[in-house]
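Chain E: place on chain D using the hints.
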Amino acid sequence: MTEPEQPRDERDDLPEPVVQKRRVGISLIWLVPLVAAIVGASLLVHGWLGQGPSIIVTFQTAEGLEANKTQVKYKNVVIGKVTQIALNRDHSQVKVKIDLEKNAESFATKDTRFWVVRPRVGIGGVSGVDTLFSGAFIGADTGDSTDEQDEFKGLETPPPVLHGQPGRRFTLHSGDLGSLDIGSPVYFRRVQVGHVVSHALDENGKGVSLQVFIDGPNDRYVSKSSRFWNASGVDVSLGADGLKLNTQSLATVLAGGVAFQSPNGPHDDTPAEENTDFDLYNDQASAMAPPDGEPRYIRMRFDHSLRGLRVDSPVEFLGINVGKVVSLNLDYDIQTQRFPVIVGAVVYPERLGKAHQKLMAAAIGRGDTDWSQMVGRMVEHGLRAQARTGNLLTGQLYIAIDFDPKAKPVAFDSAAKPLELPTTSGDFDKIQEQIGSIVDKIQKIPFDTIGKNLDESLKQLSGTLKQVNESLAPEATKTFKQAQQTLGAANNALSNDSPLQQNLGQTLQELQRTARSLRVLTDYLSRHPESLIRGKGKDAAPAQASPPPAAPATSTNPPQGAKP
Amino acid sequence: MTGVVTARERGLVGCHVCGLVSRAKHVPPGAMCPRCHAPLHRRKTNSLTRTWALLIAAALLYLPANLLPIMRTVSLGNVDDNTILSGVIELWRNDSWDLAIIVFVASIVVPMMKFLVLGTLLVSVQRKSRWALKQRARFYRLVELVGYWSMLDVFVVALLSALVHFQVLSRVEPKPGVIYFGLVVVLTMLASMSFDPRLIWDRKETDD
Numbered sequence: 001m002t003e004p005e006q007p008r009d010e011r012d013d014l015p016e017p018v019v020q021k022r023r024v025g026i027s028l029i030w031l032v033p034l035v036a037a038i039v040g041a042s043l044l045v046h047g048w049l050g051q052g053p054s055i056i057v058t059f060q061t062a063e064g065l066e067a068n069k070t071q072v073k074y075k076n077v078v079i080g081k082v083t084q085i086a087l088n089r090d091h092s093q094v095k096v097k098i099d100l101e102k103n104a105e106s107f108a109t110k111d112t113r114f115w116v117v118r119p120r121v122g123i124g125g126v127s128g129v130d131t132l133f134s135g136a137f138i139g140a141d142t143g144d145s146t147d148e149q150d151e152f153k154g155l156e157t158p159p160p161v162l163h164g165q166p167g168r169r170f171t172l173h174s175g176d177l178g179s180l181d182i183g184s185p186v187y188f189r190r191v192q193v194g195h196v197v198s199h200a201l202d203e204n205g206k207g208v209s210l211q212v213f214i215d216g217p218n219d220r221y222v223s224k225s226s227r228f229w230n231a232s233g234v235d236v237s238l239g240a241d242g243l244k245l246n247t248q249s250l251a252t253v254l255a256g257g258v259a260f261q262s263p264n265g266p267h268d269d270t271p272a273e274e275n276t277d278f279d280l281y282n283d284q285a286s287a288m289a290p291p292d293g294e295p296r297y298i299r300m301r302f303d304h305s306l307r308g309l310r311v312d313s314p315v316e317f318l319g320i321n322v323g324k325v326v327s328l329n330l331d332y333d334i335q336t337q338r339f340p341v342i343v344g345a346v347v348y349p350e351r352l353g354k355a356h357q358k359l360m361a362a363a364i365g366r367g368d369t370d371w372s373q374m375v376g377r378m379v380e381h382g383l384r385a386q387a388r389t390g391n392l393l394t395g396q397l398y399i400a401i402d403f404d405p406k407a408k409p410v411a412f413d414s415a416a417k418p419l420e421l422p423t424t425s426g427d428f429d430k431i432q433e434q435i436g437s438i439v440d441k442i443q444k445i446p447f448d449t450i451g452k453n454l455d456e457s458l459k460q461l462s463g464t465l466k467q468v469n470e471s472l473a474p475e476a477t478k479t480f481k482q483a484q485q486t487l488g489a490a491n492n493a494l495s496n497d498s499p500l501q502q503n504l505g506q507t508l509q510e511l512q513r514t515a516r517s518l519r520v521l522t523d524y525l526s527r528h529p530e531s532l533i534r535g536k537g538k539d540a541a542p543a544q545a546s547p548p549p550a551a552p553a554t555s556t557n558p559p560q561g562a563k564p
Numbered sequence: 565m566t567g568v569v570t571a572r573e574r575g576l577v578g579c580h581v582c583g584l585v586s587r588a589k590h591v592p593p594g595a596m597c598p599r600c601h602a603p604l605h606r607r608k609t610n611s612l613t614r615t616w617a618l619l620i621a622a623a624l625l626y627l628p629a630n631l632l633p634i635m636r637t638v639s640l641g642n643v644d645d646n647t648i649l650s651g652v653i654e655l656w657r658n659d660s661w662d663l664a665i666i667v668f669v670a671s672i673v674v675p676m677m678k679f680l681v682l683g684t685l686l687v688s689v690q691r692k693s694r695w696a697l698k699q700r701a702r703f704y705r706l707v708e709l710v711g712y713w714s715m716l717d718v719f720v721v722a723l724l725s726a727l728v729h730f731q732v733l734s735r736v737e738p739k740p741g742v743i744y745f746g747l748v749v750v751l752t753m754l755a756s757m758s759f760d761p762r763l764i765w766d767r768k769e770t771d772d
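So the sequence lines, in the order shown, correspond to chains D and E. The first sequence runs contiguously to residue 564 in the working numbering. The second sequence runs contiguously to residue 772 in the working numbering.
Isolated chain D, as found in the complex (with noise of 0.2 Å):
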């Protein structure tokens, strides 16, 4: 109470520093909202000055878009945001508003490309799985071009090569695109080294063009000799050494591909330059063949039946593969009153490798100045074409162009476009109508009453068995018996013991004993031969004394002696 009222007595002394203090209060307090100022200034020179260009891309759909949201991105990094998304004028496209970031200014230049990356799924592969939760981004690629440029057109798919990357590209050359598209792996040697990146009809609509890229380094192995060919699908292919599938991978079975490969022998190794156009062939086989050169067509003209023969189907000279037909149509003579089937076919003589640079050198030799003269030649010395079965089971043709050195001599005009081959009906058209009626005579008979009978007869058979079975056979059983018996009793009258054999032996032993007295009958009558006449002399007297039972015998009965 006291203090505060001292001063006051004094108050005309003392306001001086209280103002000063009060001055120095005031820009402290102004400081605050100094700082807040400063504050808010650098985050506007810093957003001002973060600011990269603001660019337009225009794409056909704004699916999975989003504004201040969507990001665009360069190998993954945030280098902008989608600030804006709006329709253009005639509402045909949509117009992407984006602030690229200030370090990422050089995407605002001619080359960068745009294009939406959303999940895709393809048969190929999948891609783009991270932007199933995150949603779509812009993916960018920058390009070499130095002017700037604000205005884009984005691309519907991604790019298939980014800026930059190690490869080269290659132009393929097909009659069609067969199951190929974007992104179709290309192998060499099964391992793949790079993809189709663009296909396009050619101008004239005879073709198609692919480009494919092969990633570095593998693109080194593209020589300026390799072939490239369609590996899609599965190659199914029945030799003589079996079945045989043939597919470069299990992808390619359903999303098709192109595989490429140096030619067997030599060949020129050097890697092929950038853009180098190659064809594309249809299989592996036609791809490695040596090239064939000039087709040359050729008409035949058959009399009979070419059930079997269809277009495409191959024409062999000598076993050779040289072409194949390309029409079938029939005509009708009318002199003849029959109709003949016209075979369009084209060959190439170049398949026949060195006969035919040989040939071509010889006909040259000879002054030939066309093919035509030159088949003509041959067609004097027998060329014939034959359609010929080719698979006895499916009964497929093919046209076979050999030499018949029976054949008539026919006309051949060399100057006819195309050319025409004369023609023999072939061997085996007749071998075929005589199987045909073998087979039609097997038909025949009577396979099924000869059957029947066959079982009946049978049957019969074995009723009889069954009686010889029943019957003869106790018969047999009791004969047997009998016979044994029998066999047994000769047994006992032939045993040594046995009277028939005794007086087989007495007999015997009388037997000699009437031969001993025949023989000195025989010598008496050799020494003695009158005694026929005149009887027995006296001095026989000795030769009676020693055996005396044997002279009458002799004696009396000497034709009985002779008899044994």
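Mixed in with the good hints, there may be bad ones.
[As the list claims (entries may be wrong)] Simulated DEER-style distance windows between Cβ atoms:
no., chain 1, residue 1, chain 2, residue 2, range
1, E, Arg702, D, Val35, 16 to 22 Å
2, E, Trp713, D, Asn103, 38 to 44 Å
3, E, Arg705, D, Asn88, 55 to 61 Å
4, D, Asn88, E, Arg702, 23 to 29 Å
5, E, Arg587, D, Trp48, 55 to 61 Å
6, D, Asn103, E, Lys739, 39 to 45 Å
7, E, Ser650, D, Gln165, 36 to 42 Å
8, E, Leu724, D, Asn88, 39 to 45 Å
9, D, Val129, E, Lys739, 26 to 32 Å
10, D, Val35, E, Arg587, 38 to 44 Å
11, E, Ser650, D, Lys97, 15 to 21 Å
I should point out that these hints are in silico values taken from the structure, not numbers from a laboratory. Just so we're clear, the structure is a prediction, and the values are computed from it rather than from any experiment. Glycine included, every Cβ here is placed at the ideal spot set by N, Cα and C.
Same frame as chain D, but now just chain E:
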């Protein structure tokens, strides 16, 4: 209101802390309450200047607080930056209109109201206006009362950032906007604190 006589006119000064009223025609700097020794002053020192300064600072910071995102929500790789207003709009669109209203009131209406009320008070006090004295005093009390509710947003962001941490599944990160917003709230609270409501009733001499 005109008939009200202020303590200042009577030569009295009240202690802010213990409420003791002392007799003093003039209060020099350094004067203390005889009972609790708290510094005594008739009016808060430099009240108007300080309030102005703090209010202007808050207003400056209010711009980045509203323009910059305050929160980043990452769920399944889906990144979403939200400013205060966009958060309110999103809540409204998601049919959580009750929450949207709460956030809108706490984060936008209240700070704006503070700027308006404090600004009006400052201007009217400086002009010594005798207009609507009681209403102005009531408004000041309201500002004092609801001031800290604006911190709701800051707490929400702080809580979510601390709680929602499921790696890839979902994640909440605070963004610089929330700092500015927090500063705005703190500065407006300081501004309303430094404002001396007794100035509303002062008629002539604005000594201190």
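A quick look at each hint next to the structure:
Evaluation of the 16 to 22 Å hint for Arg702 of chain E and Val35 of chain D yields a failure: the beta carbon distance comes to about 33 Å. Between Trp713 of chain E and Asn103 of chain D the CB atoms are about 42 Å apart, so this pair conforms to the stated range of 38 to 44 Å. At roughly 57 Å, the beta-carbon separation of Arg705 of chain E and Asn88 of chain D lies within the given 55 to 61 Å, and the hint holds. Judged by the Cβ atoms, the range 23 to 29 Å given for Asn88 of chain D and Arg702 of chain E is violated: they are separated by roughly 56 Å.
At roughly 60 Å, the beta carbons of Arg587 of chain E and Trp48 of chain D sit within the given window of 55 to 61 Å. At about 21 Å, the CB distance of Asn103 of chain D to Lys739 of chain E disagrees with the hint of 39 to 45 Å. Checked against the hint of 36 to 42 Å, the pair Ser650 of chain E and Gln165 of chain D passes, with Cβ atoms roughly 40 Å apart. Taking 39 to 45 Å as the suggested C-beta distance range, the pair Leu724 of chain E and Asn88 of chain D conforms, at roughly 40 Å.
Taking 26 to 32 Å as the suggested C-beta distance range, the pair Val129 of chain D and Lys739 of chain E conforms, at roughly 28 Å. The hint said 38 to 44 Å for the Cβ distance between Val35 of chain D and Arg587 of chain E, and at roughly 41 Å that hint holds. Remark: the range hint 15 to 21 Å for Ser650 of chain E to Lys97 of chain D is upheld by a beta-carbon distance near 18 Å.
In summary, the structure is inconsistent with hints 1, 4 and 6 from the numbered list given earlier, while agreeing with the others.
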